[in-house]
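In case you want the letters, here they are:
Number of protein chains: 2
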Amino acid sequence: MAEPIEFWFDFSSPYSYLASERIDELAVKYGRKVKWRPVMLGAAFKVSGLPLLLTVPLKGEYSKRDIERSARFMDLPFAFPSRFPAATLAAARGYYWLHGQDCTLARKFAHAVFRAYWVDDCDIGELPVVLEIVDYLGIDSDAFMTAIATPAIKDRVKQETDAAIAQGMFGAPYFMVDGEPFWGADRLPQIDKWLATGGF
Amino acid sequence: MAEPIEFWFDFSSPYSYLASERIDELAVKYGRKVKWRPVMLGAAFKVSGLPLLLTVPLKGEYSKRDIERSARFMDLPFAFPSRFPAATLAAARGYYWLHGQDCTLARKFAHAVFRAYWVDDCDIGELPVVLEIVDYLGIDSDAFMTAIATPAIKDRVKQETDAAIAQGMFGAPYFMVDGEPFWGADRLPQIDKWLATGGF
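As you go down the protein sequences, you meet chains A and B in turn.
Using my numbering, you'd call the opening residue of the first sequence number 74 and step up by one each time.
Using my numbering, you'd call the opening residue of the second sequence number 74 and step up by one each time.
Hints are not guaranteed to be accurate.
Where chains are identical, the list cannot tell them apart; a pair therefore holds if satisfied intra-copy or between any two copies.
[Claimed, not checked] Within a straight-line C-alpha distance of at most 27 Å, the following computed DSSO-like cross-link-like pairs (lysine-lysine) qualify: (1) K119 / K181; (2) K102 / K266; (3) K102 / K119; (4) K227 / K102; (5) K137 / K119; (6) K227 / K266; (7) K119 / K266; (8) K108 / K266; (9) K231 / K108; (10) K119 / K106; (11) K119 / K231.
None of these hints come from the bench; they were simulated from the model.
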């Protein structure tokens, strides 16, 4: 069986949200699975020296418009959150803890976190907001809180982020498809063709 | 009649070359014309503070791969030039001089300059290379050389660049379609939908 597609993202990245709503259905067309990997994008920015996109003169203003238009282009609900960027460490840690127990539940959690932030304007940087999602999914919130404070889970996010950077990640979403890297929600059509043709 | 689509580019920008091969046929589907506007992208980088893409750690390496893959994705001939970036001032000045006399010839010249650099690895920053193109198109090369040294033509490139930056240009290709800005060859599908639907 072919290797899964790797999908690195930060919950605070708008284009990552857009991609998260489409990558699984794209992969399944070709009988492929997707490994979802939340990372801390700030660490990649330190390596590349790149500034936060929305703070760049001219490009920042354009990008806000492009994000909203790209959401409409992809027929996805979207509302730019009041507070941006969000601190996504708790959500990322929680994802890896959940993933260790139940992949499907972890995927549901990731979708819920993305949608809370990018559709419903809930600040996922606030722990109570994350815990509300946890509760809603029927997960034990005490166990969740204990888990995200353990050294193993804390290290996990750092390790995954370092591994992504080692694979060339400098922004998100970032994908690896059979050794070929793709960056951006706007590269989904290229990933589709790559999977359909085995590379072009 | 609807306004023409504005298309700002730098001959030294690989994604501009890719877009240059597709924008006219896209526009004509909707009975629209395209105003081609070579500019000095370096001036926009000064405003945005952005570095030259290919020099950014991680992102630079990815981008070279992405450019070559995007060319294949769009079924366009492409070979990364030995010398990059190229100085494109003479070609840009020549374009505006030609455009004042014969729009069609100016368009042919622009295509020839793009292809010389991005397909045939000719350094368009060298004046003899530009003059070879001029000769090939049956243009008087003495008149060309005289024209690109005139203050009016020199000012023109600066004015067009300033005008593009005033419209928000921070990278190339940059398009304006009925007041809506689009950046990147990868936004051609969005431009297509925009023209088809009158905005979305």
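Item to complete: Could you work out which earlier hints the structure fails to respect and list their numbers in ascending sequence?
Response: Hints 1, 3, 4, 6, 7, 10 are the ones this structure does not satisfy, whereas the remaining hints hold.
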